[in-house]
Amino acid sequence: MECNELLNVAGYAGKILLESGAEVYRCEETMVKIAQSFDVDEVQAFVMTTGIMLSITHKQQNYTKILRIQKRGVDLHKIDAINELSRTIKSKQYEIYEVMDILKKLDQEPRYSLPVTLFFSALSAFGFALFFQGSITDALCAFVIGICIKLSVLGMERNDINAFFQNAVSAGVGAFITLLCVQMSLCDSMDTVMISSIMLLVPGLAITNAIRDTVAGDYVSGLSRGAEAFLTAVAIAVGIGTVLAVWIKTVGGF
Amino acid sequence: MLLAAFSGFLATIGFGVLFNIKGTKLLLAGIGGMLGGVVYYLCKQMQYPEALALFCAGVSFAFYSECLARICRTPVTTFVICALIPLVPGKGMYETMRFAVASDAQAALQKGLDTLINAGALALGIILVSTLMRFLWHKK
Numbered sequence: 001m002e003c004n005e006l007l008n009v010a011g012y013a014g015k016i017l018l019e020s021g022a023e024v025y026r027c028e029e030t031m032v033k034i035a036q037s038f039d040v041d042e043v044q045a046f047v048m049t050t051g052i053m054l055s056i057t058h059k060q061q062n063y064t065k066i067l068r069i070q071k072r073g074v075d076l077h078k079i080d081a082i083n084e085l086s087r088t089i090k091s092k093q094y095e096i097y098e099v100m101d102i103l104k105k106l107d108q109e110p111r112y113s114l115p116v117t118l119f120f121s122a123l124s125a126f127g128f129a130l131f132f133q134g135s136i137t138d139a140l141c142a143f144v145i146g147i148c149i150k151l152s153v154l155g156m157e158r159n160d161i162n163a164f165f166q167n168a169v170s171a172g173v174g175a176f177i178t179l180l181c182v183q184m185s186l187c188d189s190m191d192t193v194m195i196s197s198i199m200l201l202v203p204g205l206a207i208t209n210a211i212r213d214t215v216a217g218d219y220v221s222g223l224s225r226g227a228e229a230f231l232t233a234v235a236i237a238v239g240i241g242t243v244l245a246v247w248i249k250t251v252g253g254f
Numbered sequence: 255m256l257l258a259a260f261s262g263f264l265a266t267i268g269f270g271v272l273f274n275i276k277g278t279k280l281l282l283a284g285i286g287g288m289l290g291g292v293v294y295y296l297c298k299q300m301q302y303p304e305a306l307a308l309f310c311a312g313v314s315f316a317f318y319s320e321c322l323a324r325i326c327r328t329p330v331t332t333f334v335i336c337a338l339i340p341l342v343p344g345k346g347m348y349e350t351m352r353f354a355v356a357s358d359a360q361a362a363l364q365k366g367l368d369t370l371i372n373a374g375a376l377a378l379g380i381i382l383v384s385t386l387m388r389f390l391w392h393k394k
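Residue numbers (this note's numbering), protein chains in the order written: chain A, 1 to 254; chain B, 255 to 394.
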């Protein structure tokens, strides 16, 4: 059996998991499970939010691989699929190269297309506006602003602009358009429209993983996720705050 | 209440798509969001304080997600993330910032503390359920 190959496959699976926003313990457990499906003597995995270390011992030989994780997104479908895969490797008697093929195919699987993504983020903002007891016109405004915010996020993501700036600018864009809507008296409640559209930027994954990592005992990752969530909130506040402050100074109150 | 249910469902489904959930799981995640929204709404109707309402909602959707995850054999995260989002105290965050812009530091601090407590209550609900489920599951 080829331990180097196995190391690559297990590491690759871990990398996809972490990049898709899986918890740290899930990442570790999955890599260990994949490696153990091929009957090696010992596997140890150590994962943090920014990197993976994986070592396999087989026939008195040690093999180690370190992977650095740069990008972090959310793709729950991939987490689900790899979770499923790691459980079935043994029973389906996959060869190492087969697992690698499956992983590669999974990694290249397309997400929802741009129009669908835009539509659903807008729908989400629409839902929030109703959830916060806004009127139907508020909800329609939030729908449009939701599209703008998502567009600005996606545009900046494509150009590798850091997350803090991304959130701040997108929140600013959202706030600005909301103010325009209020100025043209298109919506009833500025607060409701603004809150429901910036809900799109809420770091749901960071919050959830901060909680789950902490519960699982991975305090370092839990803390770093918590910091990520907190910083995102600050970024959103900075974005809206700046726009509001400038607006009050130039156009006047609302 | 119908409105709370419907809007919670919409918001959650939207996020499900952004997080790339596929198939029936998307629908199930949406129902989780609906459940959280309805429980939160009912608690508010009964004049519960904000933090307690969020705690109850957190417990309810976390329990739903943990059970469903074990039935569907899928990571719990799939359901929890989506259901969590409508309940995140975005309103508190926003109001904190409004006071800060109006340079009313006292009110901003007050509101900020409130928001932190609310977020903490929501997190506590999820932690409670996830710890309990872990305990019960491993016992079997």
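Worth flagging that the hints you see were computed from the coordinates, not collected in a lab.
Among the hints, erroneous ones may be present.
Stated by the list, open to error - Here are the simulated DSS-like cross-link-like pairs (lysine-lysine), alpha carbons at most 27 Å apart as the crow flies:
1. B/Lys279 with A/Lys33
2. A/Lys15 with B/Lys279
3. B/Lys345 with A/Lys249
4. B/Lys298 with A/Lys15
Do the hints match the structure? See the list:
1. B/Lys279 with A/Lys33: Holds, at roughly 24 Å.
2. A/Lys15 with B/Lys279: Distance ~24 Å between A/Lys15 and B/Lys279 Cα, so the pair holds.
3. B/Lys345 with A/Lys249: Holds: B/Lys345 and A/Lys249 sit about 24 Å apart, inside 27 Å.
4. B/Lys298 with A/Lys15: Outside the cut-off at roughly 43 Å; violated.
Violated hint: 4 only; the structure is consistent with all others.
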